[in-house]
Amino acid sequence: MKKVLLAMALLVVMTLAFTACTGNEDTPADTAANNQNQADTSTDISGEITIVNNKIEIDAALRDFARLYEDRFGVRVNVHSFGGETPYAPALAAMFSGGDEPEIFVMEGMTDFISARDSGRVFDLTGQPWVNDTSMEFVYDGRVYGFPVALEGWGLGYNVDILNRAGIDTSTLTNVNAIREAFETIDAMRDELGLTAVVSMAAGPGMTWVTGLHAFNAYLSLGLDYNDTTIIDMLLAGQVDEQRLMYFAEYYNMIFQFSNPSTLIVGGYDQQLGDFGTGQTAFIHQGNWIDPTFAEWGVDFEMGYVPHAFLPQDTPGIFVGAPSWYVVNARANNIDAALHFLNFMASSPEGHEYMVVHSGAVPAFYSVTHIPAGQFSQAVNEWSGRGQVYAWHQNDMPAGFGMNTLGPIFELMAAGSIDPAEFVRLVTEAVATIAP
Amino acid sequence: MKNFFKRNNIIAELFAIGLFLLYMLPFLMVIINASKPVLDIIMDPLSLPESPTQFITNVQAVMDSPVVRYASSFLSSTIITVISVTLLVIISSMAAWVLVRTKSGLSTAIFMLFVAAMVIPFQVVMFPLISWFHRIESVTGLLNTPFRLLQNYPGIIFAYMGFGSSLSIFLYHGFIKSVPLELEEAANIDGCTKAGTFFRIVFPILKPITVTVIILNGIWIWNDYLLPFIVLGAGNDVQTLPLAVANFVGSFVRRWDLILTSTLMAMLPIVIVFLFLQKHIIKGMVEGSVKG
Amino acid sequence: MKHKSGKHSPIFYAFLFPALFSFAFVIVIPFFLGIYYSFTDWTAMTGTNVNWVGFANYTAVFNDVTFLHSFLVTVAFAVINIVVVNVVAFGFALLVTSKLKLKNMYRAAFFMPNLIGGIILGYIWQFIFNNAITAFGASIGSEFLATSLLANRFWALLAIVVVVTWQNAGYIMMIYVAAIQSAPAALLEAAHIDGANYWQRLRHILVPLVAPAFTVSLFLTLVRSFQQFDVNMALTAGGPSGMFMDRALPTTEFLALNIFNTAFAFRELAQGQAKSVIFFITLTVIALVQVYFNKRKEIEM
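Here the protein sequences come in this chain order: U, R and D.
For reference, each letter of the first sequence is one residue, going 1 to 436 in my numbering.
For reference, each letter of the second sequence is one residue, going 1001 to 1292 in my numbering.
For reference, each letter of the third sequence is one residue, going 2001 to 2301 in my numbering.
Be aware that a few hints might be false.
For each label pair, taking beta carbons as the anchor points, the in silico distance ranges come out as [what the hints assert, rightly or not]:
id, chain 1, residue 1, chain 2, residue 2, range
1, D, 2193, R, 1079, 49 to 59 Å
2, R, 1268, U, 167, 28 to 38 Å
3, U, 70, D, 2246, 50 to 60 Å
4, R, 1278, U, 161, 53 to 63 Å
It is worth saying that the hints were derived from the structure and are not from the lab.
Don't be surprised by glycine CBs; every beta carbon is placed ideally from N, CA and C.
Using the sequences and the hints, build the whole thing.
Structure follows, in structure tokens:
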């Protein structure tokens, strides 16, 4: 028995010996200080770079673009895609802990940024040529740290034909009373229009990215200036605007009541898209990323967006922002080539074509003239062209808060277990736990 | 025992057939829906396939996917499963044999350690495991060699040797206890070395339990997702079939046509192996678990 | 071959070395590392400092209502699952050791689901519960079946039991088959001649004879039930939501999934480590108690 104990003790000592030095041996002193080479982006690039992509859907397009870049500049670009059931954050963390330092990786918001910054991986991109060509770069403390991968947006998607037949003028749907009236009109004509429900919405367990993040963002930004952070700042301090939250809760309660219950509770994303795509609903609560799926399914009726206007006053705008940013890894070997690659993507005709035509994105750069093929993407482009946009603040909430804490509250209201007043109470209590 | 159901033979047989069909129903659902286009699946999962060629179209789509790389993933899965299981059989039977045949406090304690480890939740060791592997790589200089641990065969096979040893030793230990000592003593007298005794006399006797160990570990390793995800990482050169399947589904869209087809293609090899070797496998499983 | 205590031949060490070495490197060392990390602010990101924070993570865990809930629901699941899997498996074992004509086919069929991984299986069954059964329910006009069982916290828990049983019963069945086949037939024959009916023979003769198989099966199903992750994640993902201690939370989120979400959704890796340490200690205690009582039961029988 003694020997076993001895052996165990030995293992513990070995373990501690290794962990005792887990500190930061080689964190770059200050990433801002590394930033002197933005001027000469086209000279002296060689070797290879690795780019980590979190959208498996654009894997093929990105690989083609990488090949084109390699042929042109002789720098090999390895594309590393995660997707589907692969959780992105742990996959990336696993890569880093395994000693891989890709030159470019994706961050999805403040939490990612903080963890990348704390481990010395964010390279200061302030002053890069493309920064003046966009308004969607990731900025922290006045410095630029992220290259916007694309623009995405959502509102209340609608089927043009169905709304025409119901005699509804979509340009009037900019406040909650108008939307309620439209819902009621359509609901009364359901059989005539061949609908199973008015709205296609899914709020079940797998859908908290829609409810806890996208839906909740309406509370955070609707009707506010693009840079107005009042509501999100209050939230981060543990406070809510009760009146506003009540309007919000009532609006979503209405959406839920006009949805198909089975799709709403257990249907999931496919069912939600399927209902709208086969003309069984007049509206859908989704963003422009559903375009490729509809294209694959051969859905070709006309569609567009109206605002998620939950307030009594007019709020003519949809939510548009960058869902993710490319970060140049300050701990990687080939930073120069990485900067050049991003610059080439943002400024060359080939890069523009890749972003819009091949990967189907709404471009985040002013100079891009291509128009995305998908109808919802075009709608996002138009709203954003008119400047009628509200911000994305949902990714500035603490990690997990939207999907895992708020999501279940939405689900309870969708299932009819709680009313809007109870919703407000539970959200208020949950927000209170955020206070530092 | 033998007379149960005698009187009610027909009822029992019908009951059993009903149970059998119910048990096979999920497989049937997969096969039917893997032969349909995606919108048909979502809109009516119970409908029968309309076009006989849709299945081939779906298989083609999975085969063509640069993310799935079916052939190479299949090969990687096979390499990892075969080598890991082979090594597990060798090291566990050796260890179990000396643990049974040596009666001492140390031997009992080591055995208990292996058994106790079965209750360690994988989550406890998941992330520490990679930082630890990476540390070994860097310290030993394996990092830039073909023998590096992470994202590569050696690491994952090594990991399976560790994670699989508990149950395997437990099974061998139970079985060896029932093997009479006389054979080994006779071999000793005949001048066999101890190692020779083990490999020539004992190991062949262990065949039934070896079959069990191979089956259980084989099934587990072939299907495992979390450990390859951690050690190999997603989207690298070496990827197993479950990793490939999980990584190619669109971020949020469940492409049921492709999911079900790739699922079918991932489980087909192991089902075929099972159906071919069914008799041996079941016999081995039963004989092997007598004392397990 | 037999050695006295304290005397170990070189072959003892030589044969033990490969297994012990990989075991130590893959499990023991990371395990202690994991315990160490549970007392720090570790984030798994290389390059960040790891600072000692004492029991802070454990305090946070004990104040976490979702963890408490996961704990309770996991225990509930484990109890139901252990009973159901073993009853079904034992029933299957009786069936395939009987004189049925197609018993070999049944045996193979019952074992087959065990060949498929939990994630894949979870998706297939999610599809069956959400799409197939509801479509069937709607077509026969049953309102109960037309609403997915996964939408109700009670039925969703049982749905996981069904799927896990479907997956595991065939394997546990094998253990019982082995025990039944090795039971002396003469004893059962004698009882039959003495006029004992089937249930009497089952209860008083067969069950005591296969008691060791129960010990092993219960241990295996206990550990597997507590560690259940794949099916949980793929089938219900923790849903549906419900209220617990005035908090809205996922009602079928078992411990392993709760830990996974703590680490990955909330990015609290060190807290996740603390949870898994608590999880480990609990499971060890439960397993020890279970084996202890079963061993006693075995002797009594």
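task: Indicate whether the distance between the beta carbons of residue 2193 of chain D and residue 1079 of chain R respects the range 49 to 59 Å.
output: Hint holds: Cβ distance 57 Å, inside 49 to 59 Å.
field: Range hint compliance [Cβ, residue 1278 of chain R to residue 161 of chain U, 53 to 63 Å]
entry: The hinted range 53 to 63 Å holds for residue 1278 of chain R and residue 161 of chain U, with Cβ atoms some 57 Å apart.
query: Does the Cβ-Cβ separation between residue 1268 of chain R and residue 167 of chain U fall within 28 to 38 Å?
result: Check failed, 54 Å falls outside 28 to 38 Å.
query: Would you say the C-beta atoms of residue 70 of chain U and residue 2246 of chain D sit inside 50 to 60 Å of each other?
result: 58 Å Cβ-Cβ, so the 50 to 60 Å window holds.
Checked against the numbered hints given earlier, this structure breaks only hint 2.
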